[in-house]
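Colleague: Model the full assembly from the supplied sequences, consistent with the hints where possible.
If you read the sequence shown in numbering that gives the first Met the number 0, its first letter stands for residue 0, the second for the next number, and so on.
Read the hints as simulated data drawn from the structure, not as lab findings. Among the hints, erroneous ones may be present.
What the hints assert, rightly or not - Heads up, simulated DSS-like pairs for lysine-lysine below, C-alpha to C-alpha not over 27 angstroms straight-line: (1) Lys1 with Lys43; (2) Lys21 with Lys1; (3) Lys26 with Lys1; (4) Lys44 with Lys1.
What the hints assert, rightly or not - Using C-beta positions, here's what the derived DEER-type ranges look like: (5) Arg2 with Arg51: 14 to 24 angstroms; (6) Leu54 with Arg24: 36 to 46 angstroms; (7) Glu37 with Thr15: 26 to 36 angstroms; (8) Met0 with Asp35: 34 to 44 angstroms; (9) Lys1 with Ala56: 44 to 54 angstroms; (10) Ala48 with Ser20: 11 to 21 angstroms.
Note that beta-carbon positions come from the ideal geometry of N, C-alpha and C, so glycine has one too.
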Amino acid sequence: MKRTEILLRQRERLLTNVLESKENRAKWLTELMDIDDEIEEMEKKRQRAERRCVLNAV
Numbered sequence: 000m001k002r003t004e005i006l007l008r009q010r011e012r013l014l015t016n017v018l019e020s021k022e023n024r025a026k027w028l029t030e031l032m033d034i035d036d037e038i039e040e041m042e043k044k045r046q047r048a049e050r051r052c053v054l055n056a057v
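Modeller: Structure, rendered in structure tokens:
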């Protein structure tokens, strides 16, 4: 399983927790933001790597 798949599953679980567990909402939202940040950073790295491959191919 890829890291992004793991993060997306964790994200789904956290969204459920946010809706069901009102007393820990700040904790779940913080974890959710951390996961979103990591997914975003992974996407940026992937895009940079693709650009390098294209530039090297030209």
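Colleague: Against this structure, judge whether each hint is valid.
Modeller: Checked hints:
no. : hint                                 : result
1   : Lys1 with Lys43                      : holds (16 angstroms)
2   : Lys21 with Lys1                      : violated (31 angstroms)
3   : Lys26 with Lys1                      : holds (25 angstroms)
4   : Lys44 with Lys1                      : holds (15 angstroms)
5   : Arg2 with Arg51: 14 to 24 angstroms  : holds (20 angstroms)
6   : Leu54 with Arg24: 36 to 46 angstroms : holds (45 angstroms)
7   : Glu37 with Thr15: 26 to 36 angstroms : violated (19 angstroms)
8   : Met0 with Asp35: 34 to 44 angstroms  : violated (19 angstroms)
9   : Lys1 with Ala56: 44 to 54 angstroms  : violated (25 angstroms)
10  : Ala48 with Ser20: 11 to 21 angstroms : violated (38 angstroms)
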